[in-house]
Amino acid sequence: MARKKLELPLTVIGPADVGRLMLEMERLDEALRAAALRSGGEVKMPKTSRPLDDVAEINKLDLLTKDDRQQLKEFLVSVRDHAPVIHISFASEPSAAFTLKIVEWMRSNIARYLLVQVGLQPSIAAGCVVRTTNKVFDMSLRRYLDSSSGLLLEALRKQRPQNEARVNGGDVK
Amino acid sequence: MIAWWAFIIGGSLVAAGLLIWVLFFDQDAGGYDRLSPSKRAKKAKESKVVEAKNERANVKMAFDKQAEEDVEHIFNDTFREELRNRGRLHFEKIIGENAMFLQQDLRLTTSQLNDFMKQEITTKLKEEFEKYEQSIVDAKEVAIEAIEKTKQAVEDNRAVLLEQLKAEFAEEKVREIKRFDENMTEVINHYLVAAIGDQIDLSDQLEYILTNLEANKKAIVQDLINGA
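If you're matching them up, the sequences are chains L and X in order.
Position one of the first sequence corresponds to residue 1 (this note's numbering), numbered consecutively onward.
Position one of the second sequence corresponds to residue 1001 (this note's numbering), numbered consecutively onward.
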């Protein structure tokens, strides 16, 4: 039977989340094995985290089944080892909803299994800075202002004769 | 002074010698002149022959003899001792007087010598002080001249330095204005970023961020493909 291709939920954002899921899967395996040994038959599903629940839900996996658990573990290992990673920085700490929107856009427009590392960089004022494997995409307000400095300088130079006339005329003390 | 002293000492020695000669040799000379009693007796015996002829001579001789005996009687040992004492006292007196004269002369000489030394020392000191004052005056003139030259050089350098400073200030002013012009946009950008950094809500930036991501989507995908 061919295995179906699994999906990453939006609640699993970056490599750290994948690592936590893998660790939780290991613990879940141990917990279910111990419960099976104790009860000898039917076991009850222990409480799991929301990302793990989301993964199981969107992929329709039964985590009580060993094959599904094994499939999920292999998927997580594959994601950890091969999924592209993007680092994105904002001027302030983004909310969870904001992060989900960004991740959703990236996974639908850039890569299906993209992992996102969110960082903080207050000096950019607004916008974001995206860093991929080899490049940095500065989409911040600071870079925009820097790139527009020619316009600002030109405007200031146009304004300078008027200011000098005002100073020389004694309007400004 | 030494010749005078030698003359005094020599004179004293000669006087002492004369005195001694008078006291001793004169006595002996008297002895030579006297006739012994045997000779006188013989002579009287012989003179008896010619007594008649020489009676007057004998009388005279007797008179002479008596005179000599009187002299011998007068210049006896006591008288000689007295004369010797007198001579000694006289000699001591002369020596004392000479010593006094010598002392006076020595005092006078010492006083003159002191005066002379004082005068000489004063003259020398005066000359040296005059030379010293002259040296001080010369040194003072040299120092004043050097100070004047230094002052003039400082004034010249100050003027040159002032001109250089003015020129450098003007250049620095132009340079600063130019630098300010060049960095003005950076200053304004920094101010804007600092001013609005915390004022823009991230939710409001979502559309702007997504637009920028859309604009760079191809480059991002390409880099992920190449990087992978």
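Please note that the accuracy of each hint is not assured.
[Stated by the list, open to error] Below are the DSS-like pairs computed for lysine-lysine, each with C-alpha atoms no more than 27 Å apart in a straight line:
id : chain 1 : residue 1 : chain 2 : residue 2
1  : X       : K1053     : X       : K1065
2  : L       : K5        : X       : K1217
3  : L       : K158      : X       : K1178
[Said to hold, decoys possible] Which chain L residues stay away from chain X? Per the calculated CB distances, all over 10 Å, these:
id : residue
4  : G14
5  : P51
6  : S92
7  : M139
8  : D146
9  : P161
Simulated from the structure, these hints should not be mistaken for lab results.
Each residue gets a CB set at the ideal place from its N, CA and C atoms; glycine is no exception.
Verification of the hints:
no. : hint              : in the structure
1   : K1053/X / K1065/X : holds, 19 Å
2   : K5/L / K1217/X    : holds, 25 Å
3   : K158/L / K1178/X  : holds, 16 Å
4   : G14               : holds, 15 Å
5   : P51               : holds, 23 Å
6   : S92               : violated, 6 Å
7   : M139              : violated, 4 Å
8   : D146              : violated, 6 Å
9   : P161              : holds, 14 Å
Checked against the numbered hints given earlier, the structure breaks hints 6, 7, 8 and satisfies all the rest.
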